[in-house]
Amino acid sequence: MLGIPRKGDLDGWGGLRPAISVCGMTSEHPSHLAASLRRRDWLISAWPWRALAYLVSTVPIASVLTVGLLVIGAPLLPVLSTLRREGRPPSIALMLFLITGSVILVGLAPILSFVVAAVERWRVRLVDNRPLPSSPWPGLAARYRSAATWREVAYLFWLGGFVPVAYWVFLVLVLLDVGMVTSPWLAGDAEPVVIWRPIESTGEAVPYAIVGVLLLPVLCYGVGLLAAGQAAIARWALTSPVDAAALREVARSRTRLVGAYEAERRRIERDLHDGAQPRLTSLTLQLGLARLDVPEDSPAARPLAVAHDQARGLMVMLRQLVHGIRPQSLTDLGLAGAVRELADAAPVAVTVHADIDGELPEIVETTAYFVVSEALSNVARHAAATRAEVRLSRVGGDLVVEVSDDGRGGADPARGTGLTGLADRVAAADGRLLLSSPPGGPTLVRVELPCRR
Amino acid sequence: MSPLTRVVLAEDEVLLREGLVALLTRFDFTVCAAVGSAPELLEAARTHQPDLVLTDIRMPPLRRDDGLRAAVALRAERPGLPVVVLSQFVQTGYAAALLDSGDGQRVGYLLKDRVAEVTEFVDTLRRVTGGGTAIDPDVVRQLLHRPRDPLAALSAREREVLALLAEGRSNASIAARLHVTEAAVGKHVGNILLKLDLPPSDDTNRRVLAVLTYLRADPVG
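Chains A and B supply the protein sequences, listed in that same order.
Just so you know, we're using the working numbering here: the first sequence kicks off at 1 and counts up by one.
Just so you know, we're using the working numbering here: the second sequence kicks off at 454 and counts up by one.
This is chain B alone, in the form it adopts within the complex (with noise of 0.2 angstroms):
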C-alpha cells in the first residue's frame, strides 16, 4: 500500500462531499476525483484507477441504487477493487450484492451516520484498503435477529463475537473490546465455525465472508 491512498469520491450533495474531501485529505488519502453521479463515477474511476472507492449508494441519474450498481459494475472489471458504499438506511440486500461482487473481499457496507465517528470511519477505510471487509454493525445486529437453527446453537457471548467478526475486526480488536484475552477469543471462533459447519481457515475475511453469506442464505430454499 503506498503512502497515500488515492480515491475517487461520489456524492450528489455537494456540501457532504466537501466534507468528504476534506476528512479524507485531514487524513492522507489522495482524492484523485470527487463527482456527484453514477457515470461519472464510472468514468472517474476507469480513468484514475484509485486504491479506494467511496460512494454514495442514491445517486442521479435515477435516485435509486444507481450508485452501488456503479460500485458493482466496477467490481466486475477489476475483482479486488477496494470499494466502501453509504447508505442512509440498513438495506441488508445491498450488503449482499456488494459481497456477492468481484472476489468479496475489500468492500465495505457502511450507514452514512458512520461519517460522523470521524476516525472510527477513517479506520474503517483504511481496513478496506488494506484486504478487510467491514459491515455496518446495524446489519450484522439486523442479520443476527434472525433466528437460523444453527445460530440457535451459539451462546450470547458467541454471537458477540461474531457479530464484531462480521464487522471485519481481527483477533486482538476483539479481545480489547470484550475484555477478554485473544486465546480465549480465538477459541470462541473456533467453536463460532465448528458450530455452524464452516471449515476453519486463517483468513479473518473468509470467515467473514462464510459467515455472512451462511446468514444471507434463505433456510427455506
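Isolated chain A (complex conformation) (with noise of 0.2 angstroms):
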C-alpha cells in the first residue's frame, strides 16, 4: 500500500512543533540534513551528529555486504590475472566456485535486499524526517518482476561495494587530522612523527597541529556531507515508484467500479419502468377518464384537464430520462438488435453487420451500444454521407464494433465532435478506440473492447 503522508510528515517540521507560520521556518527547521547543512549554527546544532549516528550505524551494514561480496567475488581476481597471463581460465573448480557464486547472489539477492532496504528506509530517519513510505511483502514472484526490486537491489551493492571505500578515505584523512593535532605530543618520543615529512621536535609540530585543529570543522562538515550524499541516495534507490503491478489494480479496479455502475443504472431503468412507468401511465389514464365525466362548464374542468396534460408532459419526460440511463432497446432486444434500432432511426442509410454469438459482459453491451449511437450521430451531424455501415463482430476475446461512412472525413477528436468522450467511455471499459478519417474521407472508428471477465 502507498502510505498517505500526513501534511506534517510532508512539511518535515509540521510533526515536531506546531505550524505558526510558514515563512521563515523551513531554515530554522529543515526537514533533513542536506537542508540543515546551509544553517550558520549548523555545528552547534544536533545535525552533525544526527548524520555522525548515520554514518557509524552504516558500518556494520555495510561491513557485513562488503564481506559477503568479497567472499564471492575474490575468485574472480585470480581469474581475471590467469586469464590476461595465459589465455585461459584458471581451473575449473575456481570456476564453478565463482559462478555459483555469483548466482546464488544475484537468486538471493531480491530477498536479502527486501530486508536491507527495510532497516534503510527506518535508518534514514537518522538525518532525514521526511518519511520514506515501506512497501510490503509482494509475493515472491512478483519481488522478482518488479523494478523496485532492481533498484534495491543496486543500492544493495553501492552499499557494500562503494561506500567503504568512501569511508576508508574518510577514515584516512581523519587519523591525519588526529595526528596533526597530536603532534605535539607526540613528537618528543623517540620515534619520529611523519606527517609530510618527519617531525622531530614539538616547536616544529605546534603550527602542524594549529592547522589540524582548524580542519577539525571542515572535518565536521565533511561527516555532514557524505551523510548527506549518501542518505539522498538512498531515499532515491529506495523510494518505490508507482510500479505497473499497481497500476494494472488501479485499472482493474477501475474497470470493477464501471461495473457495478452499470449494473446500478440497470437497477435504476428497471425500477422506473416496471414501478414508476405504469403508474404514472394509469395516474395520466384516471386523469383522462375523469375529464370524460366532468362537464366542459363545471369549474373543475379547467384544473383537471391541466393537472392530465401536466402529466402527459411527465410521462414524455420520464420516458426520455429512463431512456437516457439505459437503453430498453438494449435490455429488450440485445446488442445486435439495439443496434439495428439505432441503424432504423438514424437519418443516412445505415447498414448492420453482427457477427456476435453468445453472453456479452453488460458494460461492453453498453460501450458499445453507446459508440454506435455516436459515431451515427456524428455521422448524421459533420460527415455530409450519405450511408454507413456498421459492423459488430468477435475477435478472440474482444467484441470489435466498426462504423465506417462514405463522407468527406476529416474527424478530429481535438474539435470536439463526440470523440473525446466517446474515448474516455472506451477508456473505463478497458477498451481502446481507433480513429481513421483522412480528410474527403472515408470515415473509420474502430472500438475494441476486452470481453473477459
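These are calculated hints, taken from the structure and not from any lab test.
Note that CB positions come from ideal geometry on N, CA and C, so glycine has one too.
Heads up, a few of these hints could be off.
As the list claims (entries may be wrong) - Far from chain B by the CB rule (all over 12 angstroms, computed), these chain A residues: (1) Gly68; (2) Gly139; (3) Pro198; (4) Gly203; (5) Val258; (6) Gly275; (7) Leu289; (8) Met315; (9) Pro327; (10) Gln328; (11) Ala338; (12) Leu360; (13) Glu402.
Claimed, not checked - Covered stretches of chain B, going by a simulated chain A footprint (3 or more residues, C-beta under 8 angstroms): (14) 463-469; (15) 486-492; (16) 510-518; (17) 560-568; (18) 610-619.
Stated by the list, open to error - Counterexamples of contact, computed for chain B against chain A with all Cβ distances above 10 angstroms: (19) Leu495; (20) Arg579; (21) Gln595; (22) Leu631; (23) Gly639; (24) Lys640; (25) Leu646.
From the two separate chains plus the hints, produce the assembled complex.
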C-alpha cells in the first residue's frame, strides 16, 4: 500500500512543533540533513551528531555486505589475471565457485535487499524527517518482477561496494587530522612523527597542530556531506515508484467500479420502467377518464385538464429519462437488435452486419451501444455522408465495433465531435478507440472492447 | 361486429391494468380476462376467443418482449385476430414483427402514452377491431425521417398524407385533418402510390401495409 503522508510529515517540521507561520520556519527547522547544512549554526546543532550516528550505524551493515561480496567476488581476481597472462581460465573448480556464487548472489539478492531496504528506510530517518513509505512483501514472484526490487538490489551493491571505499578515504583523512592535532605530544618520543615529513621536535609540530585544529570543523562538514550524500542516494533508490502492478490494479479496480455503476444503472432503469412508468400511465389514464365525466362548464374542468396535461408531459419526460439511463432496446433486444434499431432511426442509410454469438458483459454491451449511437450521430451531423456501415464482430476475446461512412472525413477529436467522450467511455471499459478519417474521407471508427470478466 | 367487443387484456402493473379495465368497460368493451403475464395471456386468449387482444410488450416471465411474442403466436394460430400492443418506447422492429404476423391486418402498435388520450385510444382500438391497422405516429415519423430515395420524390404534402395513411386513417379523416377536400386527398394518395411504384388498390389497409413494408425493407439489401 502506498502510505498517505499527513501534511505535517510532508513538510517535515509540522510534526515537531505546531505550525504557526510557514514563512521563515523552513530554514530554522530543516526537514533533512542536506537542507540543514545551510544553517549558520549547523556545527552546534544536533545535525552533525545525527550525521555521525548515520555514518556509524552504516558501518556494520556495509561491512557485512562487503564481506559477502568479497567472499563471492574474490576468485574473480586470480581468474582475471590468469586469463590475461595465459589466455585460459585457471581451474574448473575456481570458475565453478565463481559462477555458483554469482548465481546464488543474484538469486538471493531480491530477498536480502528487501530486509536491508527495510532497515535502511528506517535508518534514513536519522538524518531525514521526511518519511519514506515502506512497501509490503509483494509475494516471491512479484518481488523478482518489479523494477523497484532491482533498484534496491543496486543499492545493496552500492552499499557493500562503494560506500566502504568512501569511508576508508574519509577515515584516512580523519586519522591524518588526529595525527596533526596530537603531533606536539607525540613528537618528543623516540620515534619521529611523520605527517608530510618527519617531525622531530614539539616546536616543529605546533603549526601542524594549529592547522589540524582548524581543519576539525571542515571534517565535521565532511561528515555532514558524506551522510547527506549517502542519505540522498538511499532515498532515491528506496522510494518505491508506482509500479506497473499497482497501475494494473488501479485499472482493474476502475473497471470493477464501472461495472458496478453499470449494474446500478440497470437496476434504476428497471425500477423506473416496471414501477414508476406504469403507475404514472395509470394516473394519467384515470385523469383522462375523469375528464370525460366532468362537464365542460364545471369549475373542476379546467384544473382537471391542467392536471391531465401535466401528467402527460411527465410521462414523456420520464420516458426520455429512462432511455438516457440505459436504453430499453438493449435490455429487450440485445446488442445486435438494439444497434439495428439505432440504424433504423438514423437519418442516413445504415447497413448492419452483426456476427456476435453468446453473452457479452453488460459494460461491453452498453459501451458498444453508445459507441454506435454516438458514431452514427456524428455521421449525421458532420460527415455529409449518404450511407454508413456498422460491423459487430468477435475477434479473440474482444468485441470489435466498426462504424464507417462515405462522408468527407477529417474528423478530429480535438474539435470536440464527441469523439473524446467516446474514447473516455471506451477507456473506462478497458478498451481502445481507433480513428481513421483522412480529409476527403472515408471515416472509420474502430473500437475494441475486451470481454473477459 | 357484435355490439359488445370482447377483450383479453394483459398488463403486468396492477394499477394500470385496473385503469385499462375501467376505461374499456366505460366504452362498452367486455373484458373477458385481465392477466399479468405472457403465458396467462396465451391461455386466456385460447379459452375466450376474444374479438380483441390488448397487451403490454414487456411482461413476465422474461420481462423482455414476451407480450409481443405471445401476440405474434396468437396471430399465427388465428391470422385475423385483432391485436393491439402497447410499448413503453418507439421500436420500429416491434411494429415490423407485428405487421409480419398473420395476414398483416387488424394490428395496432402504440406507445403506452397514447392510453392517456382516452377517446383517441378507444377510437384506435375500434379501428383495429374493425379491420384497420394502427401504427403509432412516432413510429411512422421515425420511418419517414429516413431518406429513402423513392420517398425523396414525394412532396411535403404527400409525406404528410402518407404519415396519416400509415396511422390507418381513411381519406375522409385525412381530409378533415388537413382541411382539404376528400378528392384532393384521393389525388395525393394516387400520386404517392404512383411515385412509390405501388399498384393502386381500394383497400386502405393494403396500402398502409404496402407502404410500411416498403419503408421497412432495407434499401441496401
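Checked hints:
no., hint, result
1, Gly68, "holds, 70 angstroms"
2, Gly139, "holds, 45 angstroms"
3, Pro198, "holds, 106 angstroms"
4, Gly203, "holds, 110 angstroms"
5, Val258, "holds, 24 angstroms"
6, Gly275, "violated, 8 angstroms"
7, Leu289, "violated, 6 angstroms"
8, Met315, "violated, 5 angstroms"
9, Pro327, "violated, 9 angstroms"
10, Gln328, "violated, 6 angstroms"
11, Ala338, "violated, 9 angstroms"
12, Leu360, "holds, 16 angstroms"
13, Glu402, "holds, 16 angstroms"
14, 463-469, "holds (count 5)"
15, 486-492, "violated (count 0)"
16, 510-518, "holds (count 5)"
17, 560-568, "holds (count 3)"
18, 610-619, "violated (count 0)"
19, Leu495, "holds, 19 angstroms"
20, Arg579, "holds, 16 angstroms"
21, Gln595, "violated, 6 angstroms"
22, Leu631, "holds, 24 angstroms"
23, Gly639, "holds, 31 angstroms"
24, Lys640, "holds, 29 angstroms"
25, Leu646, "holds, 23 angstroms"
Violated hints, listed in ascending order, are 6, 7, 8, 9, 10, 11, 15, 18 and 21; each of the other numbered hints is respected by the structure.
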